[in-house]
Amino acid sequence: MDLFLQQSANAVALGGIYALLALGLAVVFSIMGLINFAHGELMTISGYVLMYCGIAAVPFPLAVILAIGAAILAAIAMERIAFRPVRGSSGATLLVTSFAIAMILQMLFQNLISARSQPVLLPAILSESVTIFGLIIGVNKIAAIISTIVMLIFLDWFMTKQKTGIAMRAAAEDFSIARLMGIHANTVIAGAFALSGLLAGVAAVLWVSQRASVDPLMGFTPVLKAFIAAILGGLGSLKGAVAGGFLLAFIEVYLSAFLPHGMQEFREPIGLAIVVLVLLFRPNGLLPAKTLAAEKV
Amino acid sequence: MTSLIELKSVSVSYDAVNAVRGIDLSIKDGEIVALLGANGAGKSSTLNAIVGLAPVSAGKIIFDGTDITDFSSETLAPLGLTLSPEGRRVFATLSVEDNLMLGAYSVKDKAQIKAAYERVYELFPILFERKQQYGGTLSGGQQQMLALGRALMCSPRLLLLDEPSLGLAPIIVEQIFELIALLRQQGVTIILVEQNVSMALNIADRGYVMASGKIVAHGDAASLSDSTTLENAYLGAE
Ligand SMILES: Nc1ncnc2c1ncn2[C@@H]1O[C@H](COP(=O)(O)OP(=O)(O)OP(=O)(O)O)[C@@H](O)[C@H]1O
Ligand SMILES: [Mg+2]
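Keeping their order, the protein sequence lines are chains A and B.
The first sequence begins at 1 in my numbering and counts up by one.
The second sequence begins at 1001 in my numbering and counts up by one.
Keep in mind the hints are simulated off the structure, nothing from the lab.
Misleading hints may appear alongside valid ones.
As the list claims (entries may be wrong) - Once the Cα atoms are required to be at most 30 Å apart in a straight line, the calculated DSSO-like pairs of lysine-lysine come out as:
id : chain 1 : residue 1 : chain 2 : residue 2
1  : A       : Lys161    : B       : Lys1028
2  : B       : Lys1110   : B       : Lys1131
3  : B       : Lys1131   : A       : Lys163
Please read all numbers here as calculations on a predicted model, not as lab measurements.
The following block holds chain A by itself, in its conformation from the complex:
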C-alpha cells in the first residue's frame, strides 16, 4: 500500500510535467492546427539558461524566472521568424517547418554548447525529501505538483476570465469569425505561442530539477510523451491535454513499479499498447475538442 501511494505521488509529479507540455502543444494546435515539434527545444533552451545561471551563481529564483522568460521569448521568436511566413499553409508544411526548427536548434546546442550532457547546479533543498503522512516525497516532486496546480489554475483563469484568453478560445473555434469581431490574428497566434513557451519553460525547470543535467536532446522525449498525452486526451482540447498527461504518467509509473522484473524491458510497448487500447474505445481521445473540424489558419 505504501509503495502504491509512493508511486502514485511520483505519477502525479510526472503527470503534471506531461500535462503542462501537452497543454503547450494543445494551445498552439487548437489555434493554428500545428503540432509544434520544436516545443521540446523551448524546454532545452530553458535548461541551458538554468545551467548558465548556475555557473554564474545567479540566485535560483531569478534563474527560474530567466529560464521561463527565455522559453517565452524563444516561442514568440519561433512564431515570428519561422511560422508566420508559412501561416495558412497545409498541415504537412507546418509540421515539416517545426521539425526543421527543432533540428536546427539541436544542431546549434550541439555545436555552440556541447554535444554531451552538462550538469546543472541546483539548490541542495531540491534533492532533499520530506515525510508527509508516512510517505517520503522528494522536494523536487512536491515542487512539481505545486507548480502544476498553480499553472493549471492560472491557465484556467486566463482562458475563461481574461479577454485575450477568451479571444483565443474563440479563434480556436472559428478563426474567421473571431477576426470579424476585430480580434487580430497576430495577437492570438503570438499569444498562443507565448503561452506555450511559458508552459514549456515551467515544465523544463521541473524536469531539470529532477535530473540536474541538460543535453541538446533533452526536450525530445518529454515532448514526444506530451504529444502522446495530447492525442490520448483529444488533440486540441485543453482539458484533454491535462487528462492525457496524467493518465500517461500513471500508466508509465505503475508499469515501471509493478510490472514483474522479467517483463520490465517490455514496459514501453505495454504502455503504448494501453494508450492504443484507450484510443480504440475513444478514437477522439478522452475529452475531445468540440471543434476539431473547424477551419484552421
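Given the structure of chain A, go ahead and fit chain B with the ligands onto it with the hints provided.
Quick look at chain B with the ligands alone, frame taken from chain A:
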C-alpha cells in the same frame, strides 16, 4: 446624399470559381437594401468580400469614403462595419455573455460597451436569461439572436445580415424582421440577404437581384416585387 458603401465592379474568385463577376452596388446611409437571388448566385460571397472574408479579385469597395478593398477583417468592426454570417456561427464553446463580449472586442470605451450590452439584452431578453449558457446549447432561434446581438455589440453603422431567418419558425422570423425594422429606426444601415423574398422586399427600401455572380435587376422594393426579372433570376435564367 453620398453612399455609405459602394462596390465598384467587384469580383470574387475562389481558385477556379468566379462567384461574383463585376458587380456595382451603392447604399446610402439609413437604407435597408435587400440582396436577392437563387442558391449559389453569389450573395454570401458579396457580403463576405465586403468584410474581408472572401477574396476580392477585382474592383473596389469604398466604405464611408475610405477604400477598404484590401483591409483585413479585424480592422472593419472598429470602423462600424460588421456581418452576421450565414449559418449563425456563434462560438459554441463560449458562454452567451462571452460571445457578446467578443462582439465588442474592438470597442475601447467602457460606457459604450455597457450601453451595447443593455441594448442587446433589451432587444433579446432571452439572451440575458441565458447569459451563462454555452452558445452551442441554445436553440436555433436563440443562436440567431445571439449572432445578431453579437454583431450589434460593436454598434455598427452598416450591418450585413446573411439569411437571418434561415431555418427558423415563422414566429421567430417575424421577430427577426421586427428587429430589422427597429434597427432602421435606430439609424443602422442594413444589407439584407434573404430567401424569404416577399418579407425582405416588404421591409427593404431597395433591392438588388443576383444571378450567376452578376446583378440582373435592381430598383425600389415595390417595383422589384412586381417585376418578372425576380422570378427569372430565381428560375436560374441569366
Ligand atoms: N469558399 C469557397 N470556395 C470555393 N467556392 C465557393 C466558396 N464559397 C462559395 N463558393 C462558390 O461560389 C458560388 C457562390 O456562392 P455563395 O455562397 O456566394 O452563394 P449564395 O448566393 O450565398 O448562395 P446561398 O443562397 O445558397 O447561400 C457558388 O458556386 C459556391 O459554390
Ligand atoms: Mg449564401
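Of the hints given before, which are not true for this structure? 1
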